[in-house]
Amino acid sequence: GEDVEQSLFLSVREGDSSVINCTYTDSSSTYLYWYKQEPGAGLQLLTYIFSNMDMKQDQRLTVLLNKKDKHLSLRIADTQTGDSAIYFCAEMNTGFQKLVFGTGTRLLVSP
Amino acid sequence: GAVVSQHPSWVICKSGTSVKIECRSLDFQATTMFWYRQFPKQSLMLMATSNEGSKATYEQGVEKDKFLINHASLTLSTLTVTSAHPEDSSFYICSAEGTGLTIYNEQFFGPGTRLTVL
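Line by line, the protein sequences are chains A and B. Residues are numbered in my numbering as their position in the first sequence, beginning at 1, plus a constant of 28. Residues are numbered in my numbering as their position in the second sequence, beginning at 1, plus a constant of 8.
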């Protein structure tokens with residue numbers, strides 16, 4: 029079955045870059061996503077990457093995909109205190125049409 | 009656009025009662041809706057997938073008689089937790105997918121419902 033792993037916690041200072049990592053096992057994933065969850069709230073899609081891409085940049089966000097190693101990362105440039113949240117990576121297996129979420133990384137940004 | 013609402017946002021009930029949670033797509037037609045469960049400090053676990061007008065498909069280990077899902081229209085799905093017990097206390101999140109909305113199969117998530125069973 030699918031298995032998506034993330035490191036549990038990341039702490040950075042305001043203005044620094046944050047890098048959140050994710051590893052997955054399903055090589056047939058077509059889309060991979062990064063979601064943000066603030067306390068007591070639902071999920072907000074931040075960005076996504078198609079599996080035939082290596083990199084995608086969207087303003088402060090950069091997604092890198094290493095398909096060979098099944099490794100996905102999210103870099104947040106100039107991290108702000110408002111970026112403090114839990115970040116989930118997720119993969120979509122279009123065969124089953126369902127999302128499999130990672131374990132989540134709690135990002136804490138200190139002033 | 010593509011807003012999903014849930015109601016209620018939180019509910020407290022006594023053990024043995026049933027609780028219904030609604031998930032609505034406000035500005036699009038949701039061909040497929042998903043129900044997730046999230047325990048504190050844990051990830052989202054898919055419970056079931058429902059398509060309008062057909063029976064829900066439950067994930068392994070999810071009791072379909074315990075968690076009743078109805079997707080009666082293209083904008084509404086309901087999850088009923090029957091005979092709730094304290095171990096059913098959790099954060100329940102729905103999402104919706106609409107045909108042709110995005111090319112990357114985006115699911116739009118509701119804000120979640122926190123269920124506490126006493």
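Keep in mind the hints are simulated off the structure, nothing from the lab. These numbers were taken from a predicted model, which means no experiment stands behind them. Check each hint, because a few of them may be wrong.
Not the full set, but computed from the structure, chain A residues with beta-carbon under 7 Å of chain B [said to hold, decoys possible]:
{"hint": "1", "residue": "Pro67"}
{"hint": "2", "residue": "Gly70"}
{"hint": "3", "residue": "Met120"}
{"hint": "4", "residue": "Lys126"}
{"hint": "5", "residue": "Phe129"}
{"hint": "6", "residue": "Thr131"}
{"hint": "7", "residue": "Leu135"}
{"hint": "8", "residue": "Pro139"}
Below, simulated DSS-like cross-link-like pairs (lysine-lysine); rule was C-alpha separation at most 27 Å, straight line [stated by the list, open to error]:
{"hint": "9", "chain 1": "A", "residue 1": "Lys126", "chain 2": "B", "residue 2": "Lys28"}
{"hint": "10", "chain 1": "A", "residue 1": "Lys126", "chain 2": "B", "residue 2": "Lys49"}
{"hint": "11", "chain 1": "B", "residue 1": "Lys74", "chain 2": "B", "residue 2": "Lys22"}
{"hint": "12", "chain 1": "A", "residue 1": "Lys126", "chain 2": "B", "residue 2": "Lys63"}
{"hint": "13", "chain 1": "A", "residue 1": "Lys126", "chain 2": "B", "residue 2": "Lys74"}
{"hint": "14", "chain 1": "A", "residue 1": "Lys64", "chain 2": "A", "residue 2": "Lys98"}
{"hint": "15", "chain 1": "A", "residue 1": "Lys126", "chain 2": "B", "residue 2": "Lys72"}
{"hint": "16", "chain 1": "A", "residue 1": "Lys98", "chain 2": "B", "residue 2": "Lys49"}
If you want the ones that stay clear, here's a sample from chain A, every Cβ over 10 Å from chain B, calculated [claimed, not checked]:
{"hint": "17", "residue": "Glu42"}
{"hint": "18", "residue": "Asp44"}
{"hint": "19", "residue": "Gln72"}
{"hint": "20", "residue": "Lys95"}
{"hint": "21", "residue": "Ser112"}
{"hint": "22", "residue": "Leu136"}
No residue lacks a Cβ here, since even glycine has one placed at the ideal position from N, Cα and C.
Hint-by-hint comparison with the structure:
no., hint, result
1, Pro67, "violated (11 Å)"
2, Gly70, "holds (4 Å)"
3, Met120, "holds (6 Å)"
4, Lys126, "holds (6 Å)"
5, Phe129, "holds (5 Å)"
6, Thr131, "holds (5 Å)"
7, Leu135, "violated (14 Å)"
8, Pro139, "violated (24 Å)"
9, A/Lys126 - B/Lys28, "holds (24 Å)"
10, A/Lys126 - B/Lys49, "holds (22 Å)"
11, B/Lys74 - B/Lys22, "holds (16 Å)"
12, A/Lys126 - B/Lys63, "holds (17 Å)"
13, A/Lys126 - B/Lys74, "holds (22 Å)"
14, A/Lys64 - A/Lys98, "holds (21 Å)"
15, A/Lys126 - B/Lys72, "holds (18 Å)"
16, A/Lys98 - B/Lys49, "holds (24 Å)"
17, Glu42, "holds (24 Å)"
18, Asp44, "holds (24 Å)"
19, Gln72, "violated (7 Å)"
20, Lys95, "holds (17 Å)"
21, Ser112, "holds (15 Å)"
22, Leu136, "holds (14 Å)"
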